[in-house]
Amino acid sequence: MSIDFWINVGVLAGIYGIFTLGLQLNAGFTGLLNFGQAGFMAIGAYTVGILVVDRGWSLWLALPAGIVLAVLAGLFVGIASLRLRSDHFAIATIAFAEIVRYTLQNAAFSGGNQGVLGFDAEWRAVSDWMLPWLATIGLGAYTQLPLFIVVWLAFVALLLMMKGLQATPWGRVLRGIREDEDATAALGKDVFAYKLQSLALAAALAAVAGFFVALNVTYLYPTVFDPTFTFFGYALLVLGGFASYGGVALGSVLFWTLLEGTRLIETSLSAGQQASLRFIIVGVFLLLISRLRPQGLLGNVNEMRVRP
Amino acid sequence: MTDTTQTERTEARASVLSSALAALPRPALLLAVLIVLLCALVIAFGPVRALQATVNGFVAGSYTGLGAIGLTLVLGVLKLVNFAHGDLLVTGAYFTILFAWLGLPLPLAMLTAMLATAALALATEKIIWQPLRLAKAGSLQLFLSAIGLGLVLRFTVQFFAGSQVRTLGANVVTSIAIGPLRLGTLQALALVVGISAMVIVGLVLRFTSIGKEMRAFADNRALAEVSGIDTQHIINVTWIASGFLAALSGILYATAIGSFNPNFGITLLLSLFAATVLGGIGNPYGALVGGLVIGLSQEWSTLLFNARWKPAVGFALLILMLMFMPQGIFGRAKRRS
Amino acid sequence: MSGQVLTVAGLVAGYVPQVDILNGVAITVAKDEIVTVVGPNGAGKSTLLKALVGLVTPKSGRIALEDKDIAGLAPSTIVRQGLGYVPQRENVFETMPVEENLEIGLKPRRDLPLRLRLEAMYALFPRLRERRRQMAGSLSGGERQMLAMARALMPQPKVLLLDEPTAGLAPRFVDLMFEQVATINRSGVTILMVEQNATRALAMSHRGYVLDLGRNAYEGEGPALARDPKVADLYLGGLHG
Amino acid sequence: MSCKIGRLAAWAAVSALAIVASAQGAGAEPLDLKIGALLESTGPLSELGPPAEKAINLSATVANKAAKDAGVEAKVTIVSADSQGDPQAALSATRTLVDKGASCIMGPSTTPESISVLNGITMQRKITLWPLASSTRLRTVKDDGTIYRPVPADDLQSKALVKAIENHVGKGKAVAIIFRNEPYGDALSKSFTTDWQAEGGTISSTISFDPQQESFDSEAGQAVDTNPDAYVVIDYPETYAKLGAALVRTGKFDAKKVFVADALSFAKVPDNIPPEALEGAYGVAGGSPTGTDAFKAFNKLWDEAGGVANASYTANSFDAAILCFLSAVEAGSTEPGAIRDKIRSVTKDGAPQFTIETLADAVKTAATGKEIDYVGVSGAFRFKDNGDPSSSLYDVFQYQGGKQVKIEQVNVK
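Order-wise, the sequence lines are chains A, B, C and D.
Here the first sequence is numbered in the numbering used here, starting from 1 and rising by one per residue.
Here the second sequence is numbered in the numbering used here, starting from 1001 and rising by one per residue.
Here the third sequence is numbered in the numbering used here, starting from 2001 and rising by one per residue.
Here the fourth sequence is numbered in the numbering used here, starting from 3001 and rising by one per residue.
Note that these hints are calculated values from the structure, not bench results.
Careful: at least some of the hints might be erroneous.
Claimed, not checked - Have a look at the derived ranges for each label pair, beta carbon to beta carbon:
| # | chain 1 | residue 1 | chain 2 | residue 2 | range |
| --- | --- | --- | --- | --- | --- |
| 1 | A | Ala125 | D | Asp3225 | 45 to 55 Å |
| 2 | B | Met1325 | A | Asp180 | 21 to 31 Å |
| 3 | C | Gly2003 | A | Asp180 | 28 to 38 Å |
All C-beta atoms, glycine included, are put in the ideal place defined by N, C-alpha and C.
One chain only, chain A, in its complex shape (with noise of 0.2 Å):
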C-alpha cells in the first residue's frame, strides 16, 4: 500500500527536478537569481489546460504552446529586468511571478477562483493504457506508476540535455559570466544575450514541469504555483549541490524523501502539533545542511559562491 505513497513521492521528486534543473541553470552556471521559475511554471500548465479545455486543442500539441509561451515570458522578463543588479533581479523576479499569480487568479480567461478542470483527459487514456501493460510485468496495481515513469524518463532526458549543453562552448560562456561577467564581455561575448538564453530555457524546463503539475494534480489553480515552489526549488538545489545537475537529481529525491517521509512520524501529538513538528524538522535540516555541507551534498566547494 505504502508503495503508493512513494511513488506520489518520487513523482514530486521528478517535477521538481525538472523545475529545478532551471534554477540550476540560472543560479548555479550563469550566476542569475532567477526568482520568478513558477511563474513560468505557472504561465505554461495554464497555457496547456487552456488551450484544452477553452479551445479544444490536444494535450500534446498544446505542452509545446505552453512551453513557446512561457519562453516568451522567459525573454520578456529578461529584457525589461536583466540589467538590474542581482539582488534586484531576484525580487524583480519573484514580483513578476507574483503578477502572474495574481492575474490568473483574477482574470477571466483562466478560470480565475474556479481555476481550470478536465484537460487531461488524453494522460488519462495513455495512463490506462500503461496499466495493464505494466500489470503483465507486475507493477500494474499503482495508479501514479504511469507519471511517475513518464516524469523520471522526461526528467532523466532533460537533465542529460543540460549536462550535454553544459559541455558546449555555450555552457562554457554561461560558467564565464558568472565566474567574471566583465571579463567574458571583454571576450567580445554579448552576455545579455546569454543571460537571457539561459532564462529563456529555464523558463521552457518550468513550463515542462508546469505540465506535470497539471497532471498530477489534475486541476489547475494558482495557489499551487506560489513562490513556495521556487523555495523548495533553491532549497533542494542547495542541497544537492551549486552547480551540479547531478545535485538536482540527488536534492530532489532527498527534500522529497525528507517532505513527505516526515508525514511517516508517528507521535503521540495533536494533528495540528505533528503539522508544525515536521516543518520543525525540515527548518532544522535546511539549517544544518547549509552549515554542515554549505556546498551541497555533489557540489564542488569552490563553484557554491554567486557574484551578487
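Dock chains B, C and D against chain A, hints included.
Same frame as chain A, but now just chains B, C and D:
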C-alpha cells in the same frame, strides 16, 4: 584574492545607509508625483473618496513600513536577506500572548516580548549567522538558512500556540472622525508608532556613535574593521535592534488589526521586502516611506480596479521602481572605483 | 630590535588553506622611517599589509608592534594597538560625509579630542576642509586618497600602512601624492608603503624591500635599491615604464 | 538514476512490510473503523485546522461512547494528515491516511484539494470523501458516488440568502456583496448575484478582497458608500475579524443589514470578531440546525472538551464523521465501498430518527441492519445522487447578544 574582490564588489554594488537630508531630490520628486496623483484622484473621484483612500493607504503602509524598518537594518548593515524576519514579528506577537498568559499585565507583557524577541534575534546570530559567516557561506546558503530559521520559528510558535486565530483583545472598532474621513484609533496609533520608530532609528543612525559605526559598517565592512570598529559588536547591536523592531511591529500589527495566526509574518514578508527595496536598502526613512508608497498605491488602486488586484498593483509598482529608480527612494548609488 | 616600531619575521599567510601567498617574509620598520615594499604582481605585497592589519590571519610567523605581538589579533584590536591602514581601493566610506569618515577614523583612540584631530587633518589636507560636508563617494580620486590617509591618521598611529597610494591616479596627482606621503612622514609618522610605482617610491624611501613569490628577494636603502641594476632588471623593468 | 529508483524501491518495500505487519483481517468483528481527517493544519488556511481537528476528535469520543452504551463492538480511531490547503500536498496527505487504513476521509476545505484527492486516490478506492467545499464545480466531476458533502452547495445557499433578505429587508432592494477572493466566496457571490437579480433585486456593489492583506478599510468604505439596503458577507472568521472592524470604523455601517453565509455561522461569535461587526446580523444555515437540542448538546460537548473555540463548519465535520461511523456499523464492515453504499441507509427519509443524544440507539438499530435517519447537529441529511445535500430547509438566524438565535425557517428549491 578573488575572494576579497568579490566581497568588495558585493559591498560596492549594494546601496547602503545614507542620510535622508542629503538625498532630497529623489524624495522630492516622489512627493511631487504623489501629490499630482492625489490631485488627479480628487478630481476624478471627489475629495472624500480620494482622501479616505489616502488615509487608508497611510494605515496599510504603516503596517508594512514599520515591519520593514527592522528588516532594512539587517539587509543594509549585514547584507543578509533575512527571510525569517516576518516570523520574528510573529514571535513578538506570540511572546506577548505567552507573557500575558503567565500573568503579566498587557503593556508589560508587550515590553517583555520585545526584549525576548531581541534576545532571540541575538541568539540566532550566535547560533546560526556567526558560524555561517566564519565558514564564508555564500548568499544562497544564507538564504536557505533564513528560510530554515523562518520555518523553525513559525512552526515552533504554531506547535505551542496552535494555528487558530488569536486576538490581543484591543478595541479595534473605534475611530477618529476628521470631517467626513475616518481613521481607526489603533490605526492612528500604529501610524504614530511607525513614524516615531522611523525617526528614532533615523536619529540614532545619524547622530549617535553606534549609529555612525553601523553606517560605516554597512558602507564598507572591511574598512570599518581596519578603522577600529568592533564589528561583532555592531552585528550584535544590529540583531538586537532588528529583533526589537520586529517584535514592536508584530505586536502593533496584532493589536491594531486585532486578529492573527502564525501565518501573518510570512504573508507580510514580500511586502516588507518590497518596502525595503523601494525605500532604499538600509534606510529606516526609506523603509517606512517605501511602505507608505506601497500602501498608498494599493489603496488608491481600489478607486480604479476591484480591490482584489491590490497585491498585484504593489508588485507591479515594485518592478517599475526597480527599473526606473533602482536605488530606491532614499538609497544612494555607490560609485564604483 | 630596539628602535624598531614594526618587526615582521617568518610570516606565512594566504587566503585559502592550500595556498600560501606569503612564505616567510621578514621586514622591520624603524621609527620615523618610510619603508617601501615593491615587487612584481602577485608577489604578495598587498597580502603582507592585510596580514599585518589582521584582515588575513597569519599561519605562522611573528608580527610585533613595538614590543607587543599582534599576529592573529582582530583588525579592530590591531588598529587600537597603533597600526593605521589605508587600503588600495574602496578606502573611504562613500555614503558618509568627509567629516564623518574622519570621525569613524578616530574610533581606535577615543581618548583623543575629536576637534583637535579634525583640525590637524584639515591643516594637513586643506582640500578636505572644503569638502567636509560632501559625501566621500562624490570626491575625486586624489581627494579620496587624501581622505583615506587622513582617516587612518586620525588616531595617531605608530605606523601607517599604505597600499599603493598612487594606484589609479592621474599622473599629475602621482607627484602630489608622493609629496603628501613625504609631508606626513615629516610630521612624525612612520610609514610602511607598498607600491607598483617602484622606482619613484623607493627613491623617496629610507629603506626598501623587494618581495618575490612571497619571500624577501632584496633589501636595502631606498634610493640605492632603486638604482641597483639587478633589482631594476628583475623587478622594476616594465613596471614604471 | 538506477540507484535513486533503487533507493525508492527500498523505501517502498520497507513501508509495505510495515503495513502488512500491522494489517488486520478486513470485515472481521469487532468493527475497527479508522476515519481519516484531512486537515488544513498548516498553510494559508491553517486557522481552519484546529477547530476541524477538535470536531472530528469529538465525533470519535461520542461514537465510541455510543457503541459502548449500545453494546456494539465497534471502535472509531481518527487518523489525521495535513493537507496544507494545497492540492498537491493534499494528495500526499491522503495517501498517508489511506496507508493508515482510513475508510472515509473528512475534509478537505477547498474545491481544488477535493478534486485532486478525488481524482488521484479516493475514487479508485471507493473511499468516501466529505469535503467542506461548497462550489458547484465539485458536482461536475465524476466521483463514482464517493463524494458526500456535509455542507450545502452554493446554489441552494444563495437561494436561502435571497429569501432571508426578502423576508427581512424586502424584495427588489439594493445589496452590496463582500466576499473573500477565493473559490468559496467567488462562486457563492456569483450564484447569489444571479438569484437576487432574477428576483428583481439590484446589486449596488460587488467587492472582493484578497485575504492576505492586512487592512480592508478601502473595501469596507466602498461597500458602505453605495448605501445598500443589505450586505451579503461571504467570508471566513479570520478575515471577517479584520473586515468587520473596518466596516464598523466607517461609521456608516449597520450590522443589522448584514446577511452572512454559512462560513460565518457560529453558535457563539468568536472572540476575535468585534461584537459590533456581527451583532444583529442575519445568516443562513442549511438543514435546520439552530435551536435544536442536538445543536445545544454539541455546543455543550464542545465547551466541556476545552481547547480551541468553536468555529465555522465544526458541526458539519462532526456529523460527517458520525455518518461514516453509522454507515460502517450498518454495513458491518470497514471496507470503504461497503460504507459508501450504506450512507443513504443511515440518512433515510422516513426511517426512525436519531440525534447525537440518542446515538447509542442509532448504533443499536444500525447494527441490526435496519435503516435509520441520523439528524445531525447541522441538520438532517438528504443526499442527492451527486452527493450534495438536497435539504431544502434553511434556518435563518440572527446574532443576538453574541449568540446565534433562530428566527425562522425558509424552504428553497
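How the hints compare with the structure:
| no. | hint | verdict |
| --- | --- | --- |
| 1 | A:Ala125 - D:Asp3225: 45 to 55 Å | 53 Å, holds |
| 2 | B:Met1325 - A:Asp180: 21 to 31 Å | 28 Å, holds |
| 3 | C:Gly2003 - A:Asp180: 28 to 38 Å | 46 Å, violated |
Going down the numbered hints, you'll see the structure goes against just number 3.
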